[in-house]
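Visitor: The listed protein sequences correspond, in order, to chains C and Z.
The opening residue of the first sequence carries number 1 in UniProt numbering; numbering runs sequentially from there.
The opening residue of the second sequence carries number 1 in UniProt numbering; numbering runs sequentially from there.
Where hints are given, some of them may not hold.
Partial list, derived from the structure: chain Z residues whose beta carbon lies under 7 Å from chain C [claimed, not checked]:
no.: 1; residue: Phe-37
no.: 2; residue: Pro-38
no.: 3; residue: Ile-187
no.: 4; residue: Arg-271
no.: 5; residue: Leu-272
no.: 6; residue: Leu-275
no.: 7; residue: Leu-284
no.: 8; residue: Ser-303
no.: 9; residue: Arg-305
no.: 10; residue: Ser-310
no.: 11; residue: Tyr-312
If you're looking for bench data, these hints aren't it; they were derived computationally from the structure.
In this text, a Cβ means the ideal position worked out from N, Cα and C, and glycines have one as well.
2 protein chains.
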Amino acid sequence: MDIPERVLQGDRLALARLLTWLENDQPRGRAALDALFPHTGKSHIIGVTGPSGSGKSSLVNRLALQLAQADGSQPARRVAVLAMDPSSPFSGGALLGDRVRMRDLMECPEIFIRSMASRGALGGLARAAGELVLALEAAGFDIILVETVGAGQSEVDIARLAHTTLVVEAPGLGDDIQAAKAGILEIADILVVNKSDKSGAESAAHTLAAMLEIGAELKAETSAPQAAWKVPVQLTSALNREGMVSLAAAIHEHFTWLNASGEWERRAQARLEDLFNRLLRERLYEDWQRSQPQANLSEALQSLRKRETSPYSLIERLFS
Amino acid sequence: MDIPERVLQGDRLALARLLTWLENDQPRGRAALDALFPHTGKSHIIGVTGPSGSGKSSLVNRLALQLAQADGSQPARRVAVLAMDPSSPFSGGALLGDRVRMRDLMECPEIFIRSMASRGALGGLARAAGELVLALEAAGFDIILVETVGAGQSEVDIARLAHTTLVVEAPGLGDDIQAAKAGILEIADILVVNKSDKSGAESAAHTLAAMLEIGAELKAETSAPQAAWKVPVQLTSALNREGMVSLAAAIHEHFTWLNASGEWERRAQARLEDLFNRLLRERLYEDWQRSQPQANLSEALQSLRKRETSPYSLIERLFS
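Let the sequences and hints guide you as you build the complete structure.
Guide: Below, the structure is given as structure tokens:
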């Protein structure tokens, strides 16, 4: 049986192999995804982001366990976790992450964990992440948690990848202007103040709720009235396993809203078009490189290095 | 007199206008940069990055003042600050940043400040930042400080943009594994532990120094012996204006090393080629879009949305 079929039947070894192919950008990975594509689009993709020190990894860990088990309102679900850690020679990067998490989660057969090392490639991380998520969708997970480290561009990328974006904060991580400056509130569907056991958590939650309200008012002034989603602020303590039931309920509420408002479909389509655009840009670049006589290009780069020709003139020359 | 000439003569209004053109991706901005290009390549570009809460902005502020004034070993220098803050409807984003900094720095005529809002565009921020830096180089600044918010992809981008990368940490921002996980130490040329007035700063500095040493040993094992740069750990307190002379000296030492080792030229070239590649990819995409009959593309996207065709098959079809 080939890899796509085995993935569809829930074979984890086959899935792990496919994910490795995709991470390493191997053509057989894309061929498998091509076959699996009709089986994608049913999973609830939840992005989790926030600054380091917010206890994001522990929260994802706890949340996965919570979502995997049946509770009053929800049946047990199959959960995949995709953690994107920048690779580092200092920590062993993704590998360390896998081990730490594995210890907690390997006892739970409903949860699949995968760490993914950032390669620092131009747009490469986001593209590969999109492909790994597609593979996990085809493998039939009900929920896919995607965790990213840090702030900035990777946050914008994760918001594009997810149906629901959780932004995790914690008390004492710097003042409120810092949070606002990071632009992080804009992408939140649910705001989590983790480490609720620490002092200052309640007041951080209040401040953030107030900031969200101002933001919502600004938005309401500029956009048409509609059934808008009101971003809830959830207090959790991953350490003490507190607030997880309430957070799971908020996620389910957002899921319901996504479907009722048509946002589910809109976000799913935006994500597909994003992946398509990335693949398209790569293909154009590769085709162009192949079409150029090698001597041409190295001569051009030479004159760029000597600052004889600007990058702008150079491109005009190459395309004329 | 036209904008490029005025920029070369140090006209700040002309420079501000050019930067706006570049930020808004206007063709006349690129035309001006094309003319200015031969005058670029002489500034020392210093990237400053680190997690929010590390006091990065205050440090950049203090450092700009320090570098602008003559001290025992260095003459007074012209300093530009380019701060990249993700825009946010909550804080007014870049605008607020400008005002807060302006108050401190506007009394110093040797310092030019510019905030730049992230637009969340695909690779757009990094490309525009590269162009703004080129414009500042042409305007004759000796030193250009580029500050980015957060971790992740934007850090990798800043390391590509700079000759010297400062990574700013502070005590109490989460444990050491967090710092290592963020992969942030890899890109540091100088590691700054800010908020040295707070408890735990010394021990954070020691831990980070030890981690850097392990990293250096790992690198030494895998690469050829050469006159390597040993990343120093600098303790500063931007609040109490402490450690700034020593930090400026470390920056100057790195500058000397860059020139002696040939790294200056290597990094400058990598940066130029990076900008060229970004421009090239954009051009290829635009040309391709123009070449496609609109009906073709929207039909193709339609079948993607219905999940009838995978992104991979779609690209094969469009290119066959």
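Visitor: Using 7 Å as the Cβ threshold, decide whether Ser-310(Z) counts as touching chain C.
Guide: Holds - the Cβ of Ser-310(Z) comes within 7 Å of chain C, reaching about 4 Å at its closest.
Visitor: Can you verify the interface hint for Pro-38(Z): is its Cβ closer than 7 Å to any Cβ in chain C?
Guide: holds (6 Å)
Visitor: Was the hint right that Arg-305(Z) lines chain C, CB cutoff 7 Å?
Guide: Cβ of Arg-305(Z) sits 5 Å from chain C, so the hint holds.
Visitor: Answer holds if the nearest beta-carbon of chain C is closer than 7 Å to that of Leu-275(Z); otherwise answer violated.
Guide: holds (5 Å)
Visitor: Does the nearest C-beta of chain C fall within a distance shorter than 7 Å of the C-beta of Phe-37(Z)?
Guide: This interface hint holds because 4 Å falls under the 7 Å limit.
Visitor: How about Tyr-312(Z): closest beta carbon in chain C under 7 Å, or not?
Guide: holds (4 Å)
Visitor: Given Leu-272(Z) as an interface hint, is the shortest Cβ-Cβ distance to chain C below 7 Å?
Guide: This hint holds: Leu-272(Z) lies near chain C, its Cβ roughly 6 Å from the closest one there, short of 7 Å.
Visitor: At a threshold of 7 Å, is the proposed contact between Ser-303(Z) and chain C supported by beta-carbon distances?
Guide: Result: violated, 11 Å to nearest chain C Cβ.
Visitor: Against chain C, with CB atoms and a cut of 7 Å, does the hint on Leu-284(Z) hold up?
Guide: Status holds, d = 4 Å.
Visitor: Holds or violated: Ile-187(Z) as interface residue toward chain C, Cβ cutoff 7 Å?
Guide: violated (9 Å)
Visitor: Taking the closest Cβ pair, is Arg-271(Z) under 7 Å from chain C?
Guide: violated (11 Å)
Figure legend: structure checked against the earlier numbered hints; hints not met, in rising order: 3, 4 and 8.
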